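Counting in our numbering, the sequence shown runs from 436 upward without gaps.
If you're looking for bench data, these hints aren't it; they were derived computationally from the structure.
Some hints could be false.
Straight line, CA to CA, 25 Å or less: simulated DSS-like cross-link-like pairs of lysine-lysine [to be verified]:
hint: 1; residue 1: 486; residue 2: 523
hint: 2; residue 1: 525; residue 2: 492
hint: 3; residue 1: 523; residue 2: 460
hint: 4; residue 1: 466; residue 2: 510
hint: 5; residue 1: 460; residue 2: 492
hint: 6; residue 1: 525; residue 2: 510
hint: 7; residue 1: 525; residue 2: 460
hint: 8; residue 1: 486; residue 2: 510
hint: 9; residue 1: 492; residue 2: 466
hint: 10; residue 1: 492; residue 2: 510
hint: 11; residue 1: 510; residue 2: 478
hint: 12; residue 1: 460; residue 2: 510
hint: 13; residue 1: 523; residue 2: 510
hint: 14; residue 1: 478; residue 2: 525
hint: 15; residue 1: 492; residue 2: 523
hint: 16; residue 1: 460; residue 2: 486
hint: 17; residue 1: 525; residue 2: 466
hint: 18; residue 1: 466; residue 2: 486
This one's a predicted model, so the numbers in the text were calculated from it and none came from an experiment.
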Amino acid sequence: MIYGYARCSTDETKQDINRQIRELKEGGATKETIYLEYESGAKSDRAELNKLLNVVKEGDTILATEVSRITRSTKQLCEIIEFAQDRKIKLILG
Numbered sequence: 436m437i438y439g440y441a442r443c444s445t446d447e448t449k450q451d452i453n454r455q456i457r458e459l460k461e462g463g464a465t466k467e468t469i470y471l472e473y474e475s476g477a478k479s480d481r482a483e484l485n486k487l488l489n490v491v492k493e494g495d496t497i498l499a500t501e502v503s504r505i506t507r508s509t510k511q512l513c514e515i516i517e518f519a520q521d522r523k524i525k526l527i528l529g
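The task is simple: from the sequences and hints, build the whole structure.
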């Protein structure tokens, strides 16, 4: 299954979240498999990202339009990459 993750820091940037959704759909994600979040990328505990990471399984794909949409923390990015490698999940950022 192909999942998408879209994030904006505030809900005032609707145009950016809509662009992200459009690009994720072009990549194969669907309305039902896109997780949306309005949180800072510096915040490590984000509800929708956690839900996504709990639902993906071996062979699935996670799409994000940019690395910064997943996280702004190098440490957390490394943890997510390791998570994906361990579970044989394809991670496409950008």
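Hints and how they fare:
no.: 1; hint: 486 x 523; verdict: holds (18 Å)
no.: 2; hint: 525 x 492; verdict: holds (10 Å)
no.: 3; hint: 523 x 460; verdict: holds (22 Å)
no.: 4; hint: 466 x 510; verdict: violated (29 Å)
no.: 5; hint: 460 x 492; verdict: holds (20 Å)
no.: 6; hint: 525 x 510; verdict: holds (19 Å)
no.: 7; hint: 525 x 460; verdict: holds (16 Å)
no.: 8; hint: 486 x 510; verdict: holds (20 Å)
no.: 9; hint: 492 x 466; verdict: holds (19 Å)
no.: 10; hint: 492 x 510; verdict: holds (22 Å)
no.: 11; hint: 510 x 478; verdict: holds (12 Å)
no.: 12; hint: 460 x 510; verdict: violated (28 Å)
no.: 13; hint: 523 x 510; verdict: holds (20 Å)
no.: 14; hint: 478 x 525; verdict: holds (23 Å)
no.: 15; hint: 492 x 523; verdict: holds (8 Å)
no.: 16; hint: 460 x 486; verdict: holds (19 Å)
no.: 17; hint: 525 x 466; verdict: holds (19 Å)
no.: 18; hint: 466 x 486; verdict: holds (15 Å)
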